[in-house]
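Assemble chain P onto chain X, guided by the hints.
Number of protein chains: 2
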Amino acid sequence: MSVKHLGKQTVRLSYPPSVAAAACVVGKKEGQGPLREWFDYISEDSYFGEKTWEKAESTMLRQCFALACDKAKVPISTVDCLFAGDLLNQCAGSNFALRDSGRPVFGLYGACSTMAESLSLAALAIDGGFADITAAMTSSHFCSVERQFRFPLEYGGVRTPTAQWTVTGAGAVVLTAEGAGPYITHVTAGKIVDAGITDANNMGAAMAPAAYDTIKTHFEDTGRNPDYYDAIVTGDLGAVGHGIVKELFRKDGIELGPLYIDCGMLIYNTEAQDVHAGGSGCGCSAAVLCGHLLHNMTENRWPRLLFCGTGALMSPTSSQQGESIPGICHAVALEMQRGC
Amino acid sequence: MSVKHLGKQTVRLSYPPSVAAAACVVGKKEGQGPLREWFDYISEDSYFGEKTWEKAESTMLRQCFALACDKAKVPISTVDCLFAGDLLNQCAGSNFALRDSGRPVFGLYGACSTMAESLSLAALAIDGGFADITAAMTSSHFCSVERQFRFPLEYGGVRTPTAQWTVTGAGAVVLTAEGAGPYITHVTAGKIVDAGITDANNMGAAMAPAAYDTIKTHFEDTGRNPDYYDAIVTGDLGAVGHGIVKELFRKDGIELGPLYIDCGMLIYNTEAQDVHAGGSGCGCSAAVLCGHLLHNMTENRWPRLLFCGTGALMSPTSSQQGESIPGICHAVALEMQRGC
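Protein chains in written order, with the working numbering: chain X, 2 to 341; chain P, 2 to 341.
It cannot be assumed that every hint is accurate.
The list cannot tell twin chains apart, which means a pair is met if one copy fits it or any two copies do.
As a list, the in silico DSS-like pairs of lysine-lysine whose alpha-carbon atoms are at most 30 Å apart [stated by the list, open to error]:
id : residue 1 : residue 2
1  : K247      : K30
2  : K9        : K72
3  : K74       : K247
4  : K72       : K30
5  : K252      : K29
Since the hints were made in silico from the structure, they are not lab data.
Here chain X stands alone, though its shape is the one from the complex (with noise of 0.2 Å):
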């Protein structure tokens, strides 16, 4: 066995790779709620001046990337390599955000754990020593989004209370072999687990039976406990999928408590939005953690944080042919300490 490989899931880098720079770009329903303050761009144009949805997915995608570089003053096309997805139909938002990136591209679908995965690729891409800089994103578009699973917005459907509003948001991390912090200590890879839900509008509860399966083993594999983190944080649960992940934990022996968040929790003002269960979608828990978390890390509130991304994996013709909904959680652990 490899010495960086930990129990059946998890990978323990050798020298953790530091994110040099996060960016995180928005909507307007995003910028007024409670992590606005976090976010690097605001748009008040939904278009972001595009004349579809789908272009402008991809051009917020391309905004959030550019300025990650900037942030973190590396040159586009200094970057090795690129690991991008999102939730439309082949992945056209991320594809055709890089189409003039000129860097290679790793292409993932991952579903709403794609910050996650891309990260997770991203880091040992550079402790594989395969690469000095790297980037990792992804983003989500509500109209895109609900054009493509759901209903035309026209049509004006009813939600349901479980129910979850996508995000329109984007986050982007560079990453470099060298550099101060936060440090990407382990990567626990997830498989897919389905509990057997159909309800599309349901997805906190199929995604949270992954979400605990990977966390479980992220503590079985690396012998630490839920207080090692100062936060552990699901990516797009909303409050049915956490209170779901909770409860498994509880029937362990195990109580979370305040330390354990979600994205899909954190981004909306719930009840002021009308969002019901809260925020989904690539978006959410990359703009939450290129925001919001990163940020709690730099600023030494939580120097140790494991971040979780879930994703559901069905399509809309494998509900039509009533599949039940498989999800899968990728998680990543964030480190101040490089601890090698």
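Chain P in isolation, oriented as in the chain X frame:
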């Protein structure tokens, strides 16, 4: 700069992982083509025992992965992580195929370049010390792809001369840190190249400039020239794209000659099987690599092979919105000599 990093886009693996085994499963039409003897399993039933084409695709890929593990004498439970993707919306083909695998999954979207993309990352995961055993896989199914990207089959649309035929096929490769080869010695990750082609029935032309860019960069980065290889193989450019790549190299004064071949031109008897410009789809390069190409390597007819997966990164929505078709190509050098 890392010692593994060569030139602009290439990685030289320090201790090249070995192909422990590969498997390919195809449909009836592919089984009637010139490569029939190299396929592990040819299904007479295009539904693979399922009720929908999407489920058929998942079942085909699941069978294929299980077969590759059997051939490698590696229980699925011992594979450290899986890299997989496909063409279906939200990569439902591979996600449902791997739902019950119990192994960590990194989901990819590289369109028809996915076999090369997954093979690249699966090799890097081992060489980086993160895994001892990994697997790379992908699939496509003529019927699921036609209705998603073009028309319902019942519509009976007439095909243009430049159109290609989506392969019903899957390929899976199991890689191990130790083994007798073939070895993955270099990876050249591709950037997105857009030549401005807008005709979704001329994918070969859309992807050819990306193939040219990656292959040329591979030679520059490694200092090799085309004669170093016994075969240079693109994924699914078909006759049109294959001709464009040859022409682009000819302008540089390089005559690729008969060592340059394309999986899309190999898999069918183009005229007798009425496939116009040739085969396409993720399953095209996957099934040809995992059968014909790797056989030729292990029988030492082609000890050095450059495998270049090619993908067209448009979506039906991007095409409807007037976008051109960006291409991407990832190249993987496979050699019978480990050379380290």
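Determine which of the earlier numbered hints do not hold for this structure and return their numbers in increasing order.
Numbers 3 and 5 - these are the hints that the structure violates, sorted from lowest upward.
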